[in-house]
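Participant: Given only the sequences and the hints, what does the whole structure look like? Please build it.
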Amino acid sequence: MLLLLSAIHLVPGDPAGVALGPRATPEMREAFRVRMGLDQPFIIQYVKFLANVVTGDLGVDVWSNKPVSSIISAQVPHTLQLTLLGLGWAIVVGIPLGCWSSIRPNSWIDRIVGVISVSAIAVPSFIIAVYSLLLFTVTLRWFPAIGAGDKGDPWDQFMHLVLPSFAIGLGWVGYLARLVRASMLETMGENHIRMARAYGLPTAKITYVYALKLAILPTVALLGVGVGGLLSGAVFAEIVFARPGIGKLVYDAVMTRNYPIVMGGVLVTTVLYAASTLISDLITAALDPRVRENL
Amino acid sequence: MEAKKIFSDSSDFRRESRFSSLIQLVKNPLGLIGLIIVITIVFSAICADWIAPYDYKAFDIKARLSGPTWDHLLGTDNLGRDTLSRSLYGGRVALSVALISVSLSLLIGLFLGMLAGYGPRRLDSVLVLIFDSIRAFPTIMFALAVITIVGPSLNTVIAVVVITTVPGYARIARTQTLALKHTEFILAERSLGAKPIRVMFSHIVPNVIAPLLILASMDIPVVITIEAGLSFLGLGVKPPTASWGSILSLGYSFIRDTPWMVIAGGVPLILTTLGFTFLGEALRDVFDPKLKKD
Amino acid sequence: MSNFNNDPVIDISNLSVDFQTQRGDVRALRNVNLTIPQNKTVGIVGESGCGKSTLINSILRLLASNASITSGSIRFLDTNILEMTDSELNDLRGQKISMVFQDPMTALNPVITVGKQMIDILFRDSHSRNAKREKARDMLQMVGIPDAEDRLDDYPHQFSGGMRQRICIAMALMMNPALLIADEPTTALDVTLEAQVIHLLQELKNSFQCSILFVSHNLGLIAELCDEVVVMYAGEVVEQGDVFDLFHSPAHPYTQRLLECDPARIEKSTDELPTISGRVPDLIELPPGCIFSPRCVSKFEPCSTQPPPEFVVNEHHKVRCFLSQDG
Amino acid sequence: MGNILSINNLRVRFRTDGAVRAFIDRNQDPYIDAVLDVSLSIERGKTLGLVGESGSGKTTIGRSIIRLVDPAGGTIMFEDEDIGRMSSNRLVTLRKDISMMFQDPVASLSPRKTVGSLILEPFKIHGIDKINQNQKARELIEMVGLNEAFLGAYPHQLSGGQARRVGVARALALNPKLVIADEPTAGLDVSVQGEILNLMRRLQVDRGLSYLIITHNLPVIRHLSNHLAIIYLGRVIEIGSTKDIFTNPAHPYTLGLLSAVPQPDPNKRREKLKLEGELPSLSRRPTGCEFHTRCPFAVAKCLQESPIRQEIEPRRFVSCHFPFPLSQVKV
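Keeping their order, the protein sequence lines are chains E, Z, Y and C.
Heads up: the first sequence runs through residues 1 to 295, numbered per the working numbering.
Heads up: the second sequence runs through residues 1001 to 1294, numbered per the working numbering.
Heads up: the third sequence runs through residues 2001 to 2327, numbered per the working numbering.
Heads up: the fourth sequence runs through residues 3001 to 3331, numbered per the working numbering.
Note that these hints are calculated values from the structure, not bench results.
Given the structure is predicted, the values throughout are model-derived calculations rather than measurements.
Fair warning: there could be bad hints in the mix.
Dumping the calculated PhoX-like pairs for lysine-lysine here, alpha-carbon to alpha-carbon at most 25 Å [said to hold, decoys possible]:
no., chain 1, residue 1, chain 2, residue 2
1, C, Lys3113, C, Lys3136
2, C, Lys3136, Z, Lys1195
3, Y, Lys2132, E, Lys205
4, E, Lys66, E, Lys151
5, Y, Lys2205, Y, Lys2132
6, Z, Lys1195, C, Lys3268
7, C, Lys3046, C, Lys3268
8, Z, Lys1181, C, Lys3113
9, C, Lys3130, C, Lys3113
10, C, Lys3177, C, Lys3124
11, C, Lys3130, Z, Lys1195
12, Y, Lys2096, E, Lys205
13, Y, Lys2205, C, Lys3124
14, C, Lys3243, Z, Lys1195
15, C, Lys3046, Z, Lys1195
16, C, Lys3268, Y, Lys2205
17, Y, Lys2135, E, Lys205
18, Y, Lys2040, Y, Lys2096
19, C, Lys3113, Z, Lys1195
20, Y, Lys2268, C, Lys3046
21, C, Lys3096, C, Lys3130
22, C, Lys3046, C, Lys3096
23, C, Lys3268, C, Lys3243
24, C, Lys3096, Z, Lys1181
25, E, Lys205, Y, Lys2116
26, C, Lys3124, Z, Lys1181
27, C, Lys3243, Y, Lys2268
28, C, Lys3301, C, Lys3268
29, Y, Lys2132, E, Lys213
30, C, Lys3124, Y, Lys2040
31, Y, Lys2116, E, Lys213
32, Y, Lys2116, Y, Lys2096
33, Y, Lys2268, C, Lys3136
34, Y, Lys2299, Y, Lys2268
35, Z, Lys1181, Z, Lys1195
36, C, Lys3130, C, Lys3177
37, C, Lys3274, C, Lys3301
What follows is a list of derived Cβ distance ranges for each label pair [stated by the list, open to error]:
no., chain 1, residue 1, chain 2, residue 2, range
38, C, Pro3296, E, Pro96, 51 to 59 Å
39, Z, Ala1179, Y, Gln2158, 41 to 49 Å
40, E, Val162, Z, Ile1036, 34 to 42 Å
Idealized CB from N, CA, C, for every residue including glycine.
Facilitator: Have a look at this one:
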């Protein structure tokens, strides 16, 4: 936040000018500046902004004068649903896929899974969004095209979620598969796994208890970052599938230069991201006694 | 393990081929595919002026939104511009953005990361705090916010990409430096009287640069994606400059009329990101001893 | 070869192992013969690269994927380990043969409690969980871990290196194996802890009635603990015999030099320590004759042309060296 | 001949908790003493062995001599200067006079440099360029018994013994007066150990070097050092001539260490003193004599009073309430 605010001050040009466009009169600009508090010194602005944020006040919408906080909080659930479902895809498909290909490294199954997951990582999520829209909606007409679905109809809402969450989650399916495979292979080479083998423990137990319990740790630690990636993807998914959500809201606000909404939206995503990092840290601590001790 | 030690002896050392890594890279089928794709894309971007059938901003009023014809192999857009030519020029934009921003990030990240790792602890804390706050923004959100403030342009895209990717490089450079700081060979250099600058540039850089280069090769597709994404949202390149993102965006608007624009913008983008990712993965397999074992 | 007891626990004959590498096949083990009698401790001694790790990994069939066993057999009581199915192997491992590894810091799983890891070894038993837990506690007590009951719920990182090696030994003896393989179990420990662990092994070996295969580069430890000694050099067993015989009248020049080089044996302070000049041969292209001949000070005519067969010095003492040809 | 180095009451502390953490835990003293009240000296041209188990602080003592760690108290007199008070410029030139060899022979060589450039590195660092570089490199590599071809090799291509030789060449490049060697034989096979030790011994005689050898390996140090200092929990508990200590250890810990060394002779199996227990944690030092937790002879006095260092014969010091009388215990 500090960074963004300082960016406003450091970049050449007048934020009011950018926000209101070239045709604004000097009076309009001055009024805008006073209304946004841009006429005050930087530190005061920042402290004021923080104080407002703490009390839940994110300012008011430039055009409608509605409080930003209520506009945003209306959109949060949509984005959360989308992100969590995307994450769900990644976990439910990605982790088993990674495990599976690590059991027989360099077999043809492993190679195929490898190529597919690397490709899934490489292809941008908005391309997947556009192409899946083209294929499943325009051509095959299997899924509804746009919007979030009927409010009272959970099935309809779910159907509207399938394609967007697939689009944003696919990359992370591949990513998790690769990550789990790599850390499984690394763990499988460790001494204590050799020892478990030397004791004749059943292979399934070695793989799914002794190795996975360790190999999952880096994956869990990365899930926090993963949510950040999914939130970025959600922006595109929401635009392509014309879904409500923070991404769409902020994008529209950028187009209309609705500065408070952009700030609020970015702030809320940052908070979501921070929360997910915290959660993944807590899960790591729950799984790893060595981390727990240093908490 | 056993086998390695057997080679050691007291009158000669283990000799090895200089080109073994390159051979290994080409032997890996994915690496080879990646290399071929990357070479093709780079070639066509450099030679766009000669191989593109039309100028990227030339109109053909008679043929608007046409499908593939002999005149226009990949069809035209709503203004009648040749989609194939625009795709070729789009590659040039994508690659130059990627190249410029990745090399900037790499250099800045390397420097800051080493500074954080080798410098005083307070500086380290401050830098880490800054890196973490930048990483706390989802990239696209950050880009949207910055673009609202300074307005869209290619330079903004590069700046945003550099700012958001520097922490990744810095983090790796920092952890590597921290790990190296207490290794015996760095202590040995210090015990010989080497000053920090010498230790950093002569002994830490050569050991830190390899993982950074691998990250850079993996980052190129990410950067291309960001550029295309922002242009897709209309926040990247300014018209009439062609970018894969803007072609896609236009295609998306006319998706119910013709799929060709979406294909012409998307397929090269997919190929490029795949090519660079395959190459990056293969490079990592060759150079990262941790994963090399198998 | 000593065979005075009844059947040996392990009888290895003519074992050869190759490793495929980019440069060619590394002939890591060649024609190894070795028996481990019941209730005896056999020590394998040799410097790095002599093939001792390869040998013990072959016994448990834990060789790396680029290794191939080109000849020979490893008999455990009356079955050939090399022909065992996976399920037979799993029965063998841990239950009949168990192993203590070199580095106690990495040998235990860091995210599973010590008690759970010990109980898991008893997965073949049908006893109740509580009975298994009691057994684990008793074992920890036996190897000298104080407050064993409470410490079952601790994680490996909460123990010191010496304690972890004691835990590993306890785990190895959980199933009352017929053979315990100890691969340099004290190399990672300080001298005083090393002495403690060796002492512990001495005690346990009497109460558990099992054979021990003790691998070490330290001659002192071998002399301290073992009944019989096998000397390995560059992938071959060059000499084997009773510990007193071998230490007091070594027959192979390599064994002789090795003993001379050990600084612990040199009573008086000296300015010039003895060394073995030359180098371990490349195991991809083997020298034609005796494997030690390039470094041997007492080599003569046949040494560099033909490999020496096994000569019998006495009932308990065999050596691969032409010097012993006439007995 | 006099002493080239004498250390008096050296103390080295390490921070265990960060400032914030220490504040939260109300930890008034977030430090541990890794080295405490260490006094010892090295005679010119002679070798002092510093013996202790891992975690005893022996490596830290070595590193504080070249100020890789800063002492918290005491003096380190090198010739007539206190190393603890040297300016950073003087420290750089000091490193021409004192050089250090680190534990791991391969890992202590910068992995992306050739042996040739590693050997010439000391000259570059100290701006000595008026030398014939090729000739100097050849001289040095031949001094340690390797041939010229090695100048083009990278560290990972070397065996432990070869890398150790390169380390010796580097340490001796600038003609130092004192060489600190941390476990010079660690990780080497017995047959190679002797070669390195003989090399070090030969160079000592040729060049009048003084050595400080840090090790846990008693059989090896016996043949290399003139004097020994036995370290326990960061303190010197016994110091004296190597011969005297090996024949008449005065401190029970020294006796314990000596009898822990296994003898390569099945007739000499031990039924003797065995040290029970493990090294206590530095953050919770035992009361009284810090060795009492493992000492088989400890009595009430040992638990309460710390022993004072006493000189039991000329240049032979021991910190124990009840040292073994001389010429009574035989190892």
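Participant: All hints, please: hold or fail.
Facilitator: Against the structure, the hints:
Restraint check: the Cα-Cα separation between lysine 3113 (chain C) and lysine 3136 (chain C) comes to about 17 Å, which is no more than 25 Å; the hinted pair holds. Restraint check: the Cα-Cα separation between lysine 3136 (chain C) and lysine 1195 (chain Z) comes to about 23 Å, which is no more than 25 Å; the hinted pair holds. At most 25 Å may separate the alpha-carbon atoms for a hinted pair to count; lysine 2132 (chain Y) and lysine 205 (chain E) meet this at roughly 18 Å. Between lysine 66 (chain E) and lysine 151 (chain E) the alpha-carbon distance is near 23 Å, which keeps this suggested pair within the 25 Å criterion.
A hinted pair counts as satisfied when its Cα atoms are at most 25 Å apart, and lysine 2205 (chain Y) with lysine 2132 (chain Y) qualifies at roughly 22 Å. Of the pairs offered as hints, the one joining lysine 1195 (chain Z) and lysine 3268 (chain C) is violated, with about 52 Å between alpha carbons and a cut-off of 25 Å exceeded. Between lysine 3046 (chain C) and lysine 3268 (chain C) the CA atoms are separated by roughly 32 Å; this puts the pair beyond 25 Å, and the hint is violated. A C-alpha spacing of about 17 Å is found between lysine 1181 (chain Z) and lysine 3113 (chain C), which places the hinted pair at or below 25 Å, so the restraint holds.
This hinted pair checks out: lysine 3130 (chain C) and lysine 3113 (chain C) have alpha carbons roughly 22 Å apart, not beyond 25 Å. For the given pair, lysine 3177 (chain C) sits about 19 Å from lysine 3124 (chain C) by alpha-carbon distance, which is consistent with the 25 Å threshold. Our distance criterion of 25 Å between C-alpha atoms is met by lysine 3130 (chain C) and lysine 1195 (chain Z), whose separation comes to about 21 Å. As the CA atoms of lysine 2096 (chain Y) and lysine 205 (chain E) are separated by approximately 20 Å, the hinted pair is consistent with the 25 Å bound.
A distance of roughly 59 Å separates the Cα atoms of lysine 2205 (chain Y) and lysine 3124 (chain C); the hinted pair therefore is violated under the 25 Å criterion. For a cut-off of 25 Å, the pair hint linking lysine 3243 (chain C) to lysine 1195 (chain Z) is broken: about 41 Å separates their Cα positions. At most 25 Å may separate the alpha-carbon atoms for a hinted pair to count; lysine 3046 (chain C) and lysine 1195 (chain Z) exceed this at roughly 31 Å. A hinted pair counts as satisfied when its Cα atoms are at most 25 Å apart, and lysine 3268 (chain C) with lysine 2205 (chain Y) qualifies at roughly 19 Å.
Taking the CA atoms of lysine 2135 (chain Y) and lysine 205 (chain E), the gap is about 21 Å. The hint holds against a cut of 25 Å. For the proposed pair lysine 2040 (chain Y) and lysine 2096 (chain Y), the alpha carbon gap of about 15 Å is at most 25 Å, so the pair holds. Note on lysine 3113 (chain C) and lysine 1195 (chain Z): the hinted pairing holds, with a Cα-Cα distance of about 18 Å set against a maximum of 25 Å. Distance check on the hinted pair: lysine 2268 (chain Y) and lysine 3046 (chain C) sit about 18 Å apart at the alpha-carbon level, within 25 Å; holds.
For the given pair, lysine 3096 (chain C) sits about 16 Å from lysine 3130 (chain C) by alpha-carbon distance, which is consistent with the 25 Å threshold. With a CA separation close to 19 Å, the supplied pair lysine 3046 (chain C) and lysine 3096 (chain C) stays within the 25 Å bound. Restraint check for lysine 3268 (chain C) and lysine 3243 (chain C): satisfied, since their Cα atoms lie roughly 21 Å apart, inside the 25 Å limit. With a C-alpha separation of about 22 Å, the suggested pair lysine 3096 (chain C) and lysine 1181 (chain Z) falls inside the 25 Å cut-off, and the hint holds.
The hinted pair formed by lysine 205 (chain E) and lysine 2116 (chain Y) meets the criterion: a straight-line CA distance of about 13 Å does not exceed 25 Å. For the hint linking lysine 3124 (chain C) to lysine 1181 (chain Z), the alpha-carbon distance of about 21 Å falls within 25 Å, and the restraint holds. At most 25 Å may separate the alpha-carbon atoms for a hinted pair to count; lysine 3243 (chain C) and lysine 2268 (chain Y) meet this at roughly 9 Å. The hinted pair formed by lysine 3301 (chain C) and lysine 3268 (chain C) fails the criterion: a straight-line CA distance of about 35 Å is larger than 25 Å.
Of the pairs offered as hints, the one joining lysine 2132 (chain Y) and lysine 213 (chain E) holds, with about 23 Å between alpha carbons and a cut-off of 25 Å not exceeded. Between lysine 3124 (chain C) and lysine 2040 (chain Y), the direct Cα distance comes to roughly 59 Å. Violation of the 25 Å bound is thereby established for this hinted pair. Proximity of lysine 2116 (chain Y) to lysine 213 (chain E) is assessed by CA-CA distance (about 14 Å); at most 25 Å being required, the pair is judged to hold. Straight-line distance between C-alpha atoms of lysine 2116 (chain Y) and lysine 2096 (chain Y) comes to about 21 Å, which keeps the hinted pair within the 25 Å bound.
For the suggested pair lysine 2268 (chain Y) and lysine 3136 (chain C), the alpha carbons sit about 38 Å apart, so the restraint of at most 25 Å is broken. For the hint pairing lysine 2299 (chain Y) with lysine 2268 (chain Y), the CA-to-CA distance comes to about 29 Å; that exceeds 25 Å, so the pair is violated. Proximity of lysine 1181 (chain Z) to lysine 1195 (chain Z) is assessed by CA-CA distance (about 13 Å); at most 25 Å being required, the pair is judged to hold. The suggested pairing of lysine 3130 (chain C) with lysine 3177 (chain C) holds, with an alpha-carbon distance near 21 Å, which does not exceed 25 Å.
Of the pairs offered as hints, the one joining lysine 3274 (chain C) and lysine 3301 (chain C) holds, with about 22 Å between alpha carbons and a cut-off of 25 Å not exceeded. At about 58 Å, the CB distance of proline 3296 (chain C) to proline 96 (chain E) agrees with the hint of 51 to 59 Å. For the pair alanine 1179 (chain Z) and glutamine 2158 (chain Y), the supplied restraint of 41 to 49 Å is violated, since their beta-carbon distance comes to about 25 Å. One distance hint, 34 to 42 Å for the beta-carbon pair valine 162 (chain E) and isoleucine 1036 (chain Z), holds here, with the actual separation near 36 Å.
Checked against the numbered hints given earlier, the structure breaks hints 6, 7, 13, 14, 15, 28, 30, 33, 34, 39 and satisfies all the rest.
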